[in-house]
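Novice: Below, each chain spelled out in residue letters.
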Amino acid sequence: MKVSELMEALNLKLLTKDVALDGEVRGGYASDLLSNAMGQAQPDMVWVTMQGHQNIAAVASLIGLAAIIVAGDAPVAEDTLSKAELNDVVIFATEASAFEVIGKLYELGIGKE
Amino acid sequence: MAENKSLKLGFDVAGGDFERAGEASAKIKKMLKMIGVPADIVRRIAIGTYEAEMNVIIHAGGGNVAAEAFTDATVITVSDKGPGIPDIEKALQEGYSTAPDHVRQMGFGAGMGLPNMVKCSDEFDIKSVVGEGTTITMRFEHISEDL
Chain A
1 MKVSELMEAL NLKLLTKDVA LDGEVRGGYA SDLLSNAMGQ AQPDMVWVTM QGHQNIAAVA
61 SLIGLAAIIV AGDAPVAEDT LSKAELNDVV IFATEASAFE VIGKLYELGI GKE
Chain B
1 MAENKSLKLG FDVAGGDFER AGEASAKIKK MLKMIGVPAD IVRRIAIGTY EAEMNVIIHA
61 GGGNVAAEAF TDATVITVSD KGPGIPDIEK ALQEGYSTAP DHVRQMGFGA GMGLPNMVKC
121 SDEFDIKSVV GEGTTITMRF EHISEDL
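As given, the protein sequences belong to chains A and B, one line each in that order.
Under my numbering, the first residue of the first sequence carries the number 1, and numbering increases by one thereafter.
Under my numbering, the first residue of the second sequence carries the number 1, and numbering increases by one thereafter.
No lab work stands behind these hints, which were simulated from the structure alone.
On a predicted model such as this, the values are computed, not experimentally measured, just so you know.
Cβ atoms here follow ideal geometry from the backbone N, Cα and C, with glycine treated the same way.
Any given hint could turn out to be false.
To be verified - Interface residues of chain B toward chain A, partial, derived using beta-carbon atoms under 8 Å: (1) D17; (2) E19; (3) A21; (4) M106; (5) N116; (6) V118.
Claimed, not checked - Derived pair list, reagent style EDC-like, types lysine to aspartate or glutamate, alpha-carbon separation capped at 16 Å: (7) K30/B with D73/A; (8) K27/B with E89/B; (9) K13/A with E107/A; (10) K17/A with D88/A; (11) K119/B with E145/B; (12) K27/B with D88/A.
Isolated chain B (complex conformation) (with noise of 0.2 Å):
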């Protein structure tokens, strides 16, 4: 079996940072680009990076955003120490979110979020304790639909 090598790249992100929002998941788009990533994949990878990347800048006072791109597959993992989700079945509904109002009239907030992530993503995985923190992991195959 051939070697899978792979390319990592992190980024820690400060919570309430809405001035960078999103740089962390643009430079994980570019890298994805640059190693020839299909563009199809790369664009599910940067909603479901930037997805993410908002509820740790929302919710979780700050966090890291972590890419690792195989050569099959692209893993994202964003964690981070913020307050944790009580009910997490909940959390996954369309249309349930805890965002504050400031949050929510910049067009956030919309309880979209996490149904994005699992929507775009092939494979998701959420883990969260109560006053410890989040770990998301999203893996997307470098399986194009254009092709």
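Isolated chain A, as found in the complex (with noise of 0.2 Å):
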């Protein structure tokens, strides 16, 4: 799946401003010990956290995942979208909760292949 057709899928809240959305998700996590993420993560996967500072950003372009989605409607700094358009890097938020988002990409069949 592609991170627009997911975005869509979960009616997601694109916060990043042009970056490609064409990238194909392969897989997910979720953790907000960035720690965590940095070791577990692998390429390509869609990261589910609640962290919205500029590390997040970081994170995601050194293991370079296809997006990260920001849930339970936690705030998102400025300036980690000004870090993530320059390393470019999707960063979508909602108001749903990190469980929710996950059992729905776990619905769409992300993590089953």
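Please dock the two separately framed chains into a single complex, following the hints provided.
Specialist: As structure tokens, this is what we get:
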């Protein structure tokens, strides 16, 4: 599934401007601990978190994630977005809780491949 | 024996600078990718370097992050003149952390940094003297598991 299809299916709000949405999503990971996400998430995964500070962009860029979903209406700092745009990292926001988001991702078949 | 030439890259990292955190790691990653180090190795190097870079920012008040890429391996050296680690064995335990609360709220300081570095590198060495500083050396062989 493509990042753009994921956005539509989960009704996600796209926060980053001018970033490519045609990347393929291969699996997902959820954690609010950056070291844990860093060590466990694999390239092209979607990362569900409630952290919104700029270091999430650095982590996503370093491990080559497909997108970040900031769940639970958690605030995302402005400088997080500028850093993400600079590094071609896609960040979505949603009011849905991390639990709901992950459930929907599984319903879509992400994580089952 | 063939001459083993190397490519060096080093960056000073400022303590407490969460704004630029990860930039040294990102530049090193870019260089390794450019010279053709396999993607899965570059990923492991990026993880180890980022963890070490974050430790310098969180604990040491600044330091240096350096990469030396040979044809067969990359060596990352991260050094600081911070407070040093009194009990290295304890610091290497998963879950042990001395990070302050404001850093933990950002999702750091879960006591995973050093264990992550040990796990993702092929050789790991840490030298620390209380009151003088810490130096971490990680070696990553360029042998891809994807091949």
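Novice: With reference to the structure, classify each hint as holding or not holding.
Specialist: Going through the hints against the structure:
1. D17: violated (11 Å)
2. E19: Result: holds, 7 Å to nearest chain A Cβ.
3. A21: holds (6 Å)
4. M106: OK, holds: M106/B within 8 Å of chain A, min 6 Å.
5. N116: holds (5 Å)
6. V118: Violated, about 11 Å.
7. K30/B with D73/A: violated (33 Å)
8. K27/B with E89/B: Violated - the C-alpha atoms of E89/B and K27/B are around 31 Å apart, more than 16 Å.
9. K13/A with E107/A: Since the Cα atoms of K13/A and E107/A sit roughly 19 Å apart, the hinted pair is violated (cutoff 16 Å).
10. K17/A with D88/A: holds (9 Å)
11. K119/B with E145/B: Satisfied, since the Cα-Cα distance of roughly 15 Å is no more than 16 Å.
12. K27/B with D88/A: holds (15 Å)
Going down the numbered hints, you'll see the structure goes against 1, 6, 7, 8 and 9, while the others check out.
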